[in-house]
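Peer 1: Here is how the chains run, residue by residue.
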Amino acid sequence: MIQLRDVTFAYTPGRPVFDRFNWSVGQGDTWAVVGASGGGKTTLLMMLAGLRIPTGGQVLIGGQAITRPRPRTGLVLQEYGLLPWATVAENVALGLRLRNYYGPDGRHVPSDHAVGPVLEQVRFWLARLGIEALRDRYPGQISGGQRQRTAIARTLVLEPDLLLMDEPFAALDAPTREDLLNLTIELQREQRLTLVVVTHNIEDAVFLGQHILVLGNPPHSEAHGIDNPPAGAPDYRSQPTYYEMCASVRRLMTTQHPTPAGSRPAG
Amino acid sequence: MHRRDLLLTSVIVLLAWQLFATLIQRDILPTPLQVAQTIVAQFGILGQHFIASALRVIISVIIAIALAVPAGLAMGQMPRLDRIFSPLVYIVYPIPKIVFLPIVLLFFGATDFSKVLMIVLILFFQILVPVRDDAAGLRPELLNSVKSLGAGRRALFRFVYLPASVPAVLTALRLSIGTAVAVLYITETTATLLGLGYYIYLNASTLFDYPATYAGAVSMGVLGLLSYFVADWLERRLCRWKFAT
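So the sequence lines, in the order shown, correspond to chains A and U. Here the first sequence stands for residues 1 to 267, numbered as in my numbering. Here the second sequence stands for residues 268 to 512, numbered as in my numbering.
Read the hints as simulated data drawn from the structure, not as lab findings. Among the hints, erroneous ones may be present.
In silico contact screen, one side only, chain A against chain U (beta carbon under 8 Å); selected entries [to be verified]:
(1) PRO71
(2) PHE124
(3) GLY140
Below, a list of computed lysine to aspartate or glutamate pairs in the DMTMM-like style, where the Cα atoms sit at most 25 Å apart [said to hold, decoys possible]:
(4) LYS509(U) - GLU132(A)
(5) LYS509(U) - ASP400(U)
(6) LYS509(U) - GLU90(A)
(7) LYS509(U) - ASP136(A)
(8) LYS509(U) - GLU79(A)
Restraint-style ranges between C-beta atoms, simulated for each label pair [stated by the list, open to error]:
(9) GLY140(A) - GLN292(U): 51 to 59 Å
(10) LEU119(A) - PHE352(U): 39 to 47 Å
(11) ILE53(A) - GLU408(U): 15 to 23 Å
(12) GLU120(A) - GLY445(U): 47 to 55 Å
(13) GLN285(U) - LEU119(A): 25 to 33 Å
(14) ILE453(U) - ILE53(A): 49 to 57 Å
Glycine included, every Cβ here is placed at the ideal spot set by N, Cα and C.
Based on the sequences and whatever the hints tell you, model everything.
Peer 2: Here you go:
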């Protein structure tokens, strides 16, 4: 599904965050990307989303090199991604309205996209995410968890095959976070999504990612992946193996690439 | 604001006016009743002047929005453009635009164009600056997530930048429409035969008809108030999300 081939990315010349980085993600895989802030997690996700273009090498998704946002890739960000002047329902409908605005041009919109009834699809996803009752509220009037559900509904209504999430649960309280983690896993299975979630939270990463990519300090030239097959099982969090996994991810995060003196953090 | 409070305040103002007029007993301060009688008697003529002034305000507002919003959005989106023009804006913004009146009159004569141009000059900068700042202040998270839904430049403009500029435009209008009407008055006192400014000036300085002068002033007040109300009403209607709790 996703292939990074010799990807190099630098904000300042001579100080790459990624240096000939190779990584691949299989169709339907669930990956959690974990690392300290400034370690390049978000940069990686933005490259997958086509919002940042590598300075060298290639990002391939479904065999195609990414040079701009790809219509079948969904992106959910930590916060503030919703239009403040639009209601929940209008926000969820935004992607569909954009598609009707451009038509199936293959550039902004998948070329096989049929202009369908927006309302019905919106209603379905509002119901699926349990935010039907909030449809006429504005983002400023609802809680962080409800906003995140809105953002997820807005993305899934476009039927993506790849879902990218950047710290989607970071601003939420613990019960809401757990709730949304479970929902994310459910939806990933239901929609057969390939899922890449970026997080600084080791527990979330271990619970969610059947594969975990640990990013230490940049520059990254090797992908340190860990397999974590029990991820997503409802009772995983109460198993000893869960804590062991958390401990080994933490170890890997701290032992990998000791910080070179004066190294520059990069988002 | 409650309608009842507004009504009550109007009544108090009228009563105070009546009181002063009765106390002072001079021609230059007619009572509200006299002024009201004049308004009724001259309704047709006053109405013509009112419409002429109102049209100038409406046309100016439309032109100012049509010029300032795209310019503000462009400057807010393109830092390079902003770097070129913002020093100019910085210099011109604080200048009271009324000082340009003689120059505008020299260039364009005592035409409707000059009057509209003066109001546009005032409103343009009042709208440009907040629209630019709002566009520049849009969160990258918002822009990125809308881009990821498939939006290109055109759709970003239509679905993000344009609606984001609405509150700034309406707030700017609400705050500056009073100044605009004041400037309109001044422009209408010179070489024109239609407009409330002309009507007031003529009655005050040539005909010495004080009730008519006051009738004109009240009409001008009504014009300013109405413009303010329209901007206020539009803001409440178009920016519901700002008032939702």
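Peer 1: Give a verdict on every hint.
Peer 2: Structure-based check of each hint:
1. The interface hint given for PRO71(A) is met, as the beta carbon of that residue sits about 5 Å from the closest beta carbon of chain U, less than 8 Å.
2. A least Cβ separation of about 18 Å between PHE124(A) and chain U goes past the 8 Å threshold, and the interface hint is therefore violated.
3. Interface restraint check for GLY140(A): the shortest CB-CB distance to chain U comes to about 7 Å, inside 8 Å, so the restraint holds.
4. For a cut-off of 25 Å, the pair hint linking LYS509(U) to GLU132(A) stands: about 22 Å separates their Cα positions.
5. Restraint check for LYS509(U) and ASP400(U): satisfied, since their Cα atoms lie roughly 18 Å apart, inside the 25 Å limit.
6. For the hint linking LYS509(U) to GLU90(A), the alpha-carbon distance of about 16 Å falls within 25 Å, and the restraint holds.
7. A hinted pair counts as satisfied when its Cα atoms are at most 25 Å apart, and LYS509(U) with ASP136(A) qualifies at roughly 14 Å.
8. Taken as a hint, the LYS509(U) and GLU79(A) pair is honoured in the structure, with Cα atoms around 19 Å apart against an allowance of 25 Å.
9. Against the hinted window of 51 to 59 Å, the Cβ-Cβ separation of GLY140(A) and GLN292(U) comes to about 57 Å, which satisfies the hint.
10. As the Cβ distance of LEU119(A) to PHE352(U) is approximately 43 Å, the hint placing it in 39 to 47 Å holds.
11. Against the hinted window of 15 to 23 Å, the Cβ-Cβ separation of ILE53(A) and GLU408(U) comes to about 19 Å, which satisfies the hint.
12. GLU120(A) and GLY445(U) have their C-beta atoms about 48 Å apart, which keeps the hinted 47 to 55 Å range intact.
13. Separated by about 59 Å at the C-beta atoms, GLN285(U) and LEU119(A) break the suggested range of 25 to 33 Å.
14. Taking the beta carbon of each, ILE453(U) and ILE53(A) are about 55 Å apart, inside 49 to 57 Å as hinted.
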